[in-house]
Structures are given as C-alpha cells and as structure tokens.
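Enquirer: Let's have the full structure, built from the sequences with the hints guiding it.
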Amino acid sequence: MRLKSKGEIPKGMFRDLTQLRIVDLEYNQLSGNISSILKFNNSLLQELHLSYNNFSGNLPSNICHGLPNLRVFDLYHNDISGNMPTLWHQCEEMEQLRLSFNGFNKGPMPGDIQNMTKLQQLYLSDNNMEDEILAKRLL
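Start counting the sequence shown at -5; every next residue gets the next number (the working numbering).
Where hints are given, some of them may not hold.
Derived DMTMM-like pairs: lysine to aspartate or glutamate, alpha-carbon spacing no greater than 20 Å straight-line [what the hints assert, rightly or not]:
id: 1; residue 1: K33; residue 2: E86
id: 2; residue 1: K33; residue 2: E87
id: 3; residue 1: K33; residue 2: D18
id: 4; residue 1: K112; residue 2: E87
id: 5; residue 1: K33; residue 2: D73
id: 6; residue 1: K100; residue 2: E86
id: 7; residue 1: K0; residue 2: D73
id: 8; residue 1: K0; residue 2: E20
id: 9; residue 1: K33; residue 2: E20
id: 10; residue 1: K100; residue 2: E87
id: 11; residue 1: K0; residue 2: D18
id: 12; residue 1: K112; residue 2: E89
id: 13; residue 1: K33; residue 2: E2
id: 14; residue 1: K100; residue 2: D73
id: 15; residue 1: K100; residue 2: D120
id: 16; residue 1: K112; residue 2: D10
id: 17; residue 1: K100; residue 2: E89
id: 18; residue 1: K112; residue 2: D73
Per label pair, the in silico range of CB-to-CB distance [claimed, not checked]:
id: 19; residue 1: G101; residue 2: R15; range: 12 to 22 Å
id: 20; residue 1: G1; residue 2: H83; range: 15 to 25 Å
id: 21; residue 1: P102; residue 2: T12; range: 28 to 38 Å
id: 22; residue 1: T12; residue 2: S119; range: 30 to 40 Å
id: 23; residue 1: E89; residue 2: L14; range: 34 to 44 Å
id: 24; residue 1: Q115; residue 2: L81; range: 29 to 39 Å
id: 25; residue 1: S55; residue 2: L116; range: 15 to 25 Å
id: 26; residue 1: D10; residue 2: P102; range: 12 to 22 Å
id: 27; residue 1: Q114; residue 2: L38; range: 13 to 23 Å
id: 28; residue 1: G101; residue 2: D73; range: 14 to 24 Å
id: 29; residue 1: T111; residue 2: K0; range: 16 to 26 Å
Source of the hints: derived by calculation from the structure; they are not laboratory data.
Just so it is clear, CB atoms sit at the ideal spot from N, CA and C, and this is done for glycine as well.
Expert: Below, the structure is given as structure tokens:
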C-alpha cells in the first residue's frame, strides 16, 4: 500500500487489511499519535515505512505486538518523543530499525535491543539518547 496524502490517518484504517505485507506512507504530511496508528494486528506485515511525516507521541513499549513478522520499521524524521520502547526482544524478525531524527528522551537505550539477533541496520542518530555501554556492546 502506498499513499501520498496529508492529514491524520483514520482510526481503524488498517484493522481489516490483514493481507498487507508492505505499508509505505513515507514522504507525506501525515500526522497523528503514533501509538494509535500502530494499533493493528497483521501477522503478514513485513515492512512499515512511516518516515518523513509529522507523527507524534510515544512509541508503545510492545512495539511488535500484533506484528510478529515485521522486518523493517522506518520512522525517520517525525516528532516521536518519550522513552524508547522496552520490549524490543519481541521483534524477533526485525532486520532494519530506523528511528533517526526524532525527539526521544535523553537516557539509556533498552538493553534488550542487543537481543535482536536478525538486526542488520540500526539508525538512531539525531535523537537525545546516549548510552556508551550499549554502543560498546553493539560494536
């Protein structure tokens, strides 16, 4: 699914679209609370591209709940704030995680991000996060 639009995504938009494998909503002017947008169950969804929009709010701590096969999560250049989610180990299939250019709270990264064994790309630049210990573990 690819969309070029602006404004808020209607609540429940993804509820009945259970056969989607890729959702690409990047480079729009979409807005709304990211937690309500991510409330959908889709065991087939593999890629979720939401970069370069105006989504705001906190990421839910159980980010991969309902999305067990999510391989790519792209949230570059939005207005996401709050703490980083703590249940990254639930994202067993995640290969690419792109969260750069948001406004996460200053503080350490959740330790379980190192347990994402299939992770190949991790983008966290231009946020307020800092964790030297995790950075050393990831090297």
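Enquirer: Mind listing which of the numbered hints don't hold for this structure, in increasing order?
Expert: 6, 10, 16, 17, 18, 19, 20, 23, 24, 26 and 29
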